[in-house]
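Asks: Here is what each chain is made of, one letter per residue.
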Amino acid sequence: MKTIIPVGPYHPLQEEPELFKLFCDGETVVDIEWETGYNHRGIEKINESKTFEQIFFVVERICGICSTSHPFAYANAVEEIANVNVPDRAKYIRCIIGELERLHSHLLWVGLAGHFIGYNTVFMWAWKYREPVLDLFEIITGNRNSYAMFKIGGVRRDITAQQIPAIRKILNALKPKADLLFGAVLDDPVIHMRTKGIGILTKQDVIDYCAVGPTARASGLAIDIRKDDPYAAYGMLDWKVITAQEGDVFAKAAVRFLEIYESIKIIEQSLAAIEKLPEGDISAIVKNIPVGMGCGRAEAPRGEVFHFVKSDGSNSPVRHKIRAPSYVNVATFKKSCVGQSISDATLALAAVDPCYCCTERMAFAYDAYTKKKIMDGNDLIRHSQKRTEELKRKL
Amino acid sequence: MENEELIELLQFKFKINIEKVFIQYKNRVLMQIRQEKLMKIATYLYKDQGLRFIIASAMASDDKFEIIYHFSNDKTGLIVNLQVFLPREKPEIESLVPLFVAADWIEREMHELFGIRFLNHPNLVPLLSQGNWEPNAFPYAKNQKPKA
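Taken in order, these protein sequences are the chains called W and S. At position 359 of the first sequence (counting the first as 1) the number is 359 in our numbering, and the numbers step up by one without a gap. At position 136 of the second sequence (counting the first as 1) the number is 531 in our numbering, and the numbers step up by one without a gap.
Next up, chain S with everything else stripped away, as it sits in the complex (with noise of 0.2 Å):
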């Protein structure tokens, strides 16, 4: 399937779920999607597409986090970015363990660094720490100003 024709889809089959969709450069693709609706989203591009997960990466700003997740499909060397969006106070989201174990490691990562909670994650445990990390400290999370 061409890129234009799964991005065509994506949108016509998950419509309001899918906020934005910014086509960047040749074979990128970025979507804002409801955080509700990752999973089903995941299962369709995982499932069904054969998409590849690449990884996810977690951003802290401010009011609000962010993970992007990004697939790749290597028929057509498209990169699907999957972005949502997560309020600081309750920063929750579906993990994708239970779909691929691919992303067992990235989330407990995500987890520890940034303070992000997987519903459902079968060992959310700390995965560089070992543990020996002030609790609730969070490096990325951007919470705390530096020691000077």
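With the rest of the complex left out, here is chain W (with noise of 0.2 Å):
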């Protein structure tokens, strides 16, 4: 019997809703449909009404994860039209804030997958070390979440000499922790089993559909704007690009873990660089933006953030254009979703993408031809969860 299993459309953690439609017969998806638009708040229109500067303040809210690396973008992509010098204390700062923003995301990450395959421990472990950075952003930005830290031509708050010693040591007490859950996870038999050639992206797949960050780094393609095109202080620090080859929902996972080590490298660099410059010299100062056009790129925890800006001279921008990382990724789940089996579906999926938190809340599957609801999202992580106790015992 074929079956019809729509996940979605609602996903408030997600910066584009949509509906995922899988179309299963018995176990195996065979085909993979989306509808997106459920969400589509007209932002690049929008922002044509808005002063340069009170972009920030929309751009930021396009996603809620990933709310420093819209501002980061648009700030490059003006500060190209102007040709603005950002004080080199402002770059390491915006550094630190979109590498703090990258830990938080990863760990998220980490505790969603753990949770889609039956390991709650993880789950609850990840979002436990997760609340500290959380914690440091409070410290630094005021705020927890849209940190609003980003003006053109540098930030809005410095990071103070009182401030470093607590984000050290914020930053010291996270590394052996992520050491021990990453040592658990990595060298958990059953979890090598549900993720290893589960969901392969090849690299001619990642070329094919233009997918970023750790979605083609996993796929050996070693693509990162932070290296690339270096913008901010990413060009001034010494840090590496993580990628693995296999391409499955392990060779994600692996880039994620070893990208936390590389943000925190790249944070601790970035404050003792900070000790070294003057104070409070944070942010130059831009009197207007001329005409002309900007393309400004950052890497988000999910991949490359782009935003381009026409300007006339005027206050606000003529033409706002913006791809998020996830409009380009989430297209690869025509790859990698076709051929598996519902519970590695599930998981395929959530490897491309973090948020999928709310899944119990908007996937059901639907009979194809009764159109009764025979399971929910509760039953999909259900389903995905008794596959992981079967493999348990098989061992």
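All the pointers check out, no bait thrown in.
Below 16 Å or equal to it, Euclidean Cα-Cα: the simulated EDC-like pairs (lysine to aspartate or glutamate) are:
no. : chain 1 : residue 1 : chain 2 : residue 2
1   : W       : Lys21     : W       : Glu33
2   : W       : Lys334    : S       : Asp499
3   : W       : Lys310    : S       : Glu461
4   : S       : Lys421    : S       : Asp469
5   : S       : Lys442    : W       : Asp208
6   : W       : Lys175    : W       : Glu268
7   : S       : Lys432    : S       : Glu414
8   : W       : Lys287    : W       : Glu53
9   : W       : Lys203    : S       : Asp469
10  : S       : Lys537    : S       : Asp457
11  : S       : Lys421    : S       : Glu400
12  : S       : Lys432    : S       : Glu489
13  : W       : Lys151    : W       : Glu53
14  : S       : Lys470    : S       : Asp443
15  : S       : Lys442    : W       : Asp205
16  : S       : Lys537    : W       : Glu44
17  : W       : Lys310    : W       : Glu44
18  : S       : Lys537    : W       : Glu48
19  : W       : Lys227    : S       : Asp469
Treat the hints as calculated values from the structure; they're not laboratory data.
Could you use the hints to bring the two separately framed chains together as a complex?
Replies: Below is the structure:
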């Protein structure tokens, strides 16, 4: 019996709520279709009526999880038009915020992926260790989310000398905990069985779909905007791009795990650099935005964010085009999910995009003929968790 | 290949099909091209030079539509912007989907928001509205004055 399983449409945590229809033949997913635009807010259009400064607060609200990467890319675009020299201190502070965001976003994903495969301990641990990162945000920016740190020419708030030891203390405490968590996860034989060889995306698939971020890097394509087109202080810091070759869920997880260590490294170096720079020099004066076009990019936790801004010399843009990484990554489901069983497809979907925690409220399985509901989001997760239990028993 | 080399090579290879070249800032180049040559130039960038398609930005003004296709050279950080102009009366251009799947969604979106038609697109259905917007409204095309 052929069954259609719709997953979606509303994902309040996702920047693009979508409806996925998994076409299943028995246990196997044979095709996938999607509908998008359920939460189309017309932000590109709204921005045409906002001033360049106001847009920071709009773009920050595109996505709750990566609420810094959009202002980051937008600032890069506008600063390109106005040819602004951002002070070094502001560049390092921007890097710190960007990397803290990657830390909390990756930890969030690890927790959710753990929950999907029935490892709720992983979920509890990962989210417990994510909490101090959010506290760090509160120390530095005053907010746990939507940090409002960016402005044209620099940042709004400085990191003071008194804050630096507190930041270091929390980061140092995070490292052994991350070691413990990742050691436990990456050595677990059941997790290996659940994630290895699942949702494989080959290098050619990534090139065809122009996928970005950890999705591309896990398939052996070393693209990272921080390295390829360095912005802020990334060109002045020592870190490396993490890649894996397999392209499966395990590789995507491993890339994210290792990126957490790189992020900590970047933050530590930035803090050391800040200490040597004069306090208070965090913003350049920008009087007006001339006529021109700017392409700004930033590496969000999920991949490249791209902002295109066209200015006609007035105080608001003529056109502001935004491309979030999920826009290209989500399309790869057609390759990664087809041929998988339903319980693995849930994981393959989750592997590309971490914003999946609301599945239980929006995924329903309907019988294709009778339209009777046979499975909801909870069932899907239970289904996936049952599979893990079976594997555990087999071992 | 260095950025300057690639730009020179493009100009040499496509000559008159590239009408104007602006080197904007470091690592950014804008090329105004003839719209019928888009496929050829895009194929060269994507297939031969290994550039990645980022996205396309459409814009509307009183007399024309404008699309900028953004390509990224991930080895050097260069963004190649291919700019085409389309007349308002007949906004049509060849689809890039036969070349790479990544153009699928954005072309559907531009079709829906601006009314630009993409020839040879396999599935030019609305991406965002689920068909429940007013037909032929094209909200970003700026052909209607906002209601008071």
